[in-house]
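Given these sequences and hints, build the entire structure.
2 protein chains.
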Amino acid sequence: MALIEPFDDHYFMKKALQEAETAFELGEIPVGAVVTVNNRIIARAHNLTERLHDVTAHAEMQAITAAANFLGGKYLTDSTLYVTLEPCQMCAGALYWSQISRIVFGAADTTRGYQKMGTQLHPKTQVTSGIMETEAAQLLKRFFIERRNLN
Amino acid sequence: MALIEPFDDHYFMKKALQEAETAFELGEIPVGAVVTVNNRIIARAHNLTERLHDVTAHAEMQAITAAANFLGGKYLTDSTLYVTLEPCQMCAGALYWSQISRIVFGAADTTRGYQKMGTQLHPKTQVTSGIMETEAAQLLKRFFIERRNLN
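Here the protein sequences line up with chains E and L, keeping their order. The first sequence maps to residues 1 to 151 in the UniProt record's numbering. The second sequence maps to residues 1 to 151 in the UniProt record's numbering.
Note that these hints are calculated values from the structure, not bench results. Keep in mind that a hint or two might mislead.
Which chain L residues face chain E? A few, computed with CB under 10 Å, are given here [stated by the list, open to error]:
{"id": "1", "residue": "F7"}
{"id": "2", "residue": "H53"}
{"id": "3", "residue": "C91"}
{"id": "4", "residue": "S98"}
{"id": "5", "residue": "S101"}
{"id": "6", "residue": "R102"}
{"id": "7", "residue": "P123"}
Glycine residues also receive a C-beta, built at the ideal position from the N, C-alpha and C atoms.
Below, the structure is given as C-alpha cells:
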C-alpha cells in the first residue's frame, strides 16, 4: 500500500478553490489562490476587483503581495502559487518579477490567459496546469449563468 | 502669436518626473506616474518595490489603483496615464483591464517594456511615447551608476 501524501497539488488547489468560493459568495468572479513554501500556506487570496473597484485586485496579485509581506522580501524564489484559473497578462507579469519557483493552475483561460496572450514568465518558473480544472471551471460557469439570470 | 496651452503632455510628464525624483531619493528605481482626467491630476505615484518588498508596487499599478479609487469605479476610460518609463508586462496588463483611454510614456524600455514583451493593450487605448524621454532616461542612468558605486 502506498503511503498517503496529504500535502499534494490537489490538497493546495482545494484550498485555492475554497478562496474562489468565497469570491463567488461576494459576487466576485470566482478565482482563488494560495501561496505555499515547504508545504505550508503563507498567503491566501481571492478576487476582489468589484468590491475594491480595482482591476489590479486579482487573487494572484494579492497573494503575491501577501506572500512577500510574510517572507519580508519581494522575491518568491522558493514559493509555489496555486490558482484556480490560468493567470492573465498582468498576473503573469507580476509573477515574472517575483521569480516564483512554481505556478500550479486549474482551469485554462483560452481567451485572456497569459499563454494565449504570449506573456513571458521568469525562466526559473515551472508550471503545472489542469489540477482540479473541472471544479474551477464549473464554479466560473455557474457564476456567469447566475449573473446573467440576475440581469 | 499662439496661445500658450499650459496643460500639455510636457506639463504632466514633468509632474510624473517629479514623482520619479521622489523615488530616486528613496533609493527606488526612479519611475513616476500621474493620471489625469480633463487636464486634472487625479493620482500620483512612484515606484515603491523596495520599500514595500513588493514587486507589484510599480508606479503605474499604484496610480491605477489610486485613480480608480478617486473615480469610484474600476474603469479609466476617460483617463490618461503619464509614466516616465515604458510600462512592463504587468503594468500593461493592468492597463488593459482598466480600459484606459491614453498612455503617455517617456523613455522606452527595450529589454522589459511591454512592446518588446508583446503585451496587448486594450483596443481603445491610444499611446504616445518619447515625451521628456531624455530626462527620464538620464534619471534612471544616474540611479544605476550611483547604486553601482555604492556596492
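Going through the hints against the structure:
For F7(L), the interface hint is violated, the least distance from its beta-carbon to any beta-carbon of chain E being 26 Å, above 10 Å. About 5 Å separates the beta-carbon of H53(L) from the nearest beta-carbon of chain E, less than 10 Å, and the hint is met. This hint holds: C91(L) has a C-beta 7 Å from the nearest C-beta of chain E, less than the 10 Å allowed. Interface restraint check for S98(L): the shortest CB-CB distance to chain E comes to about 5 Å, inside 10 Å, so the restraint holds.
A distance limit of 10 Å between C-beta atoms decides the matter here; for S101(L) the minimum to chain E is near 14 Å, and the interface restraint is violated. Interface restraint check for R102(L): the shortest CB-CB distance to chain E comes to about 16 Å, outside 10 Å, so the restraint is violated. Given hint, P123(L) at the interface with chain E, is violated; its Cβ is 13 Å from that chain's nearest Cβ, farther than 10 Å.
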